[in-house]
Every structure is written in C-alpha cells, then in structure tokens.
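2 protein chains.
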Amino acid sequence: MSYAVVARYLTRPGKEDEVLTLLDSMSEASRQEPGNRQYRVHQGAGDPRVVVLYEEYDSEADFEAHCATDHFQRYVLGGVVPLLESRDVVRLVPREGVSA
Amino acid sequence: MSYAVVARYLTRPGKEDEVLTLLDSMSEASRQEPGNRQYRVHQGAGDPRVVVLYEEYDSEADFEAHCATDHFQRYVLGGVVPLLESRDVVRLVPREGVSA
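Just so you know, the protein sequences line up as chains A and B, in that order.
For the first sequence, position 85 (counting from the first letter as 1) is numbered 74 according to our numbering, and the numbering increases by one without interruption.
For the second sequence, position 73 (counting from the first letter as 1) is numbered 62 according to our numbering, and the numbering increases by one without interruption.
No lab work stands behind these hints, which were simulated from the structure alone.
Virtual Cβ for every residue (Gly too), placed ideally from N, Cα, C.
The reader is advised that the hints may include incorrect statements.
Claimed, not checked - Over the 12 Å line for every Cβ pair with chain B, so calculated as not near, a few chain A residues:
#, residue
1, Arg1
2, Pro2
3, Asp59
4, Glu74
As the list claims (entries may be wrong) - Below 25 Å or equal to it, Euclidean Cα-Cα: the simulated SDA-like pairs (lysine to any residue) are:
#, chain 1, residue 1, chain 2, residue 2
5, B, Lys4, B, Ser75
6, B, Lys4, B, Glu74
7, B, Lys4, A, Val78
8, B, Lys4, B, Arg63
9, A, Lys4, B, Val78
10, B, Lys4, A, Val79
11, A, Lys4, B, Ser(-9)
12, A, Lys4, B, Glu85
13, B, Lys4, A, Glu85
14, A, Lys4, B, Val82
15, B, Lys4, A, Arg80
Let's have the full structure, built from the sequences with the hints guiding it.
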C-alpha cells in the first residue's frame, strides 16, 4: 500500500510565480528519490495564488525520508514556506486497486 | 495541458465506510470515461473521516462531462454528498512537464 500527501498552499500576493519556480526544482529532485512515485505541482484554475501538490510514496517511511532531504530543507522550508499565506498538508492512504 | 481536481470531504461520524464503498464504484465508472486520466480515492492516514479524491482529465470540458454523467449523479450527488459533513472541491491546472 502506497502513501500519499496533498499539500494546499495560498501564496502571498504576487509570490505565486516564485513559489512555482521553486516547486519545479523540488519536483525534479523529489522524483529522483527511490521511494517516490509521484510529485505533481498544480496551480488553481480559478485563483492563481492557490498551489496544490499531489505526492505519492512507496511507504510512510519514504515520505519521512523525503522530509529529511536537503532539497526539502532548501526549496520547501527555506524557499517556499516564507512566501506562503497559508499551508495545509494532509497525509493519506490510497484505496486498494487505486491504479492510475 | 490536462486538468486536475482535488476534492476533500469530511464524512459524518460513522459514514466513512459507506462513502468509500460508493467512491469505489464511482472510481471504476469514472476511469471508463474517455477523457479521464486518473480517479484516485484516499482515506486520511490520521482521521478516517477525511476522504480525498485526486482526479485528472484531458481537459476542463472532460471534467464538465464527468459531472454530467449518470454515475456522478447516482454515486456522488445522490449517494456520497448526503453522508458528508463538509465538501471542498478545488480545480487545478498541472504544471508543464508534470509526468507521473
């Protein structure tokens, strides 16, 4: 059973492009992790300040390892988080038979 | 460019299994739609009443067509929604180069 995470951000006004650029780098680095299955970045279709990440890992331990990487520290905690007005992260278990 | 949707539900107390069973049927039917790329059902790792859907379509028009199907009427509007305490749906545009 894999392990998924949905993060929903609201960027500070005018900071969405900077956040999305940082997340592009984060996405590229995260997909190299052995336990990563998906790391998808989205922008709100209605509100461009809404940014949503859909991430999937082989296990919860692989997600924990993701949070301990240099690129998480650099791009997310050091880069993106200071540019956010709000940040919500929900941890999820995909239903059986959840093939893409 | 594809089109994604994240729906986040909080079920009424004790209704999560009923909701998840309905969504399993919805997931199976939705994946048969020509414009559907993903329809993934998740349960909260912490709170079992949290249910999150990650859906992806070829276009916004394909999502609109999804919302007009019989199975959406039957399983979501007729089955799941009355069993929810809250429902939030956000429409999203995946970033370029967002291969799974």
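These are the hints, each one checked on the structure:
1. No Cβ of chain B comes within 12 Å of the Cβ of Arg1 of chain A; the nearest lies about 19 Å off, and the non-interface call holds.
2. The claim that Pro2 of chain A is not at the interface with chain B holds, since no C-beta of that chain comes within 12 Å of its own (minimum 19 Å).
3. Non-interface status of Asp59 of chain A relative to chain B is upheld: no Cβ of that chain comes within 12 Å, the nearest being about 22 Å off.
4. Listed as outside the interface, Glu74 of chain A is consistent with that label: its C-beta sits roughly 16 Å from the nearest C-beta of chain B, beyond the 12 Å cut-off.
5. The suggested pairing of Lys4 of chain B with Ser75 of chain B holds, with an alpha-carbon distance near 13 Å, which does not exceed 25 Å.
6. For the given pair, Lys4 of chain B sits about 10 Å from Glu74 of chain B by alpha-carbon distance, which is consistent with the 25 Å threshold.
7. This hinted pair checks out: Lys4 of chain B and Val78 of chain A have alpha carbons roughly 23 Å apart, not beyond 25 Å.
8. Between Lys4 of chain B and Arg63 of chain B, the direct Cα distance comes to roughly 17 Å. Compliance with the 25 Å bound is thereby established for this hinted pair.
9. About 23 Å separates the Cα atoms of Lys4 of chain A and Val78 of chain B, which keeps this hinted pair within 25 Å; it holds.
10. Of the supplied pair hints, the one linking Lys4 of chain B and Val79 of chain A holds, its CA atoms being roughly 20 Å apart against a limit of 25 Å.
11. With a CA separation close to 24 Å, the supplied pair Lys4 of chain A and Ser(-9) of chain B stays within the 25 Å bound.
12. For the given pair, Lys4 of chain A sits about 19 Å from Glu85 of chain B by alpha-carbon distance, which is consistent with the 25 Å threshold.
13. For the suggested pair Lys4 of chain B and Glu85 of chain A, the alpha carbons sit about 19 Å apart, so the restraint of at most 25 Å is met.
14. The suggested pairing of Lys4 of chain A with Val82 of chain B holds, with an alpha-carbon distance near 17 Å, which does not exceed 25 Å.
15. Between the alpha carbons of Lys4 of chain B and Arg80 of chain A the distance comes to roughly 20 Å, so the proposed pair stays at or under 25 Å and holds.
Hint check: no violations occur; every hint is consistent with the structure.
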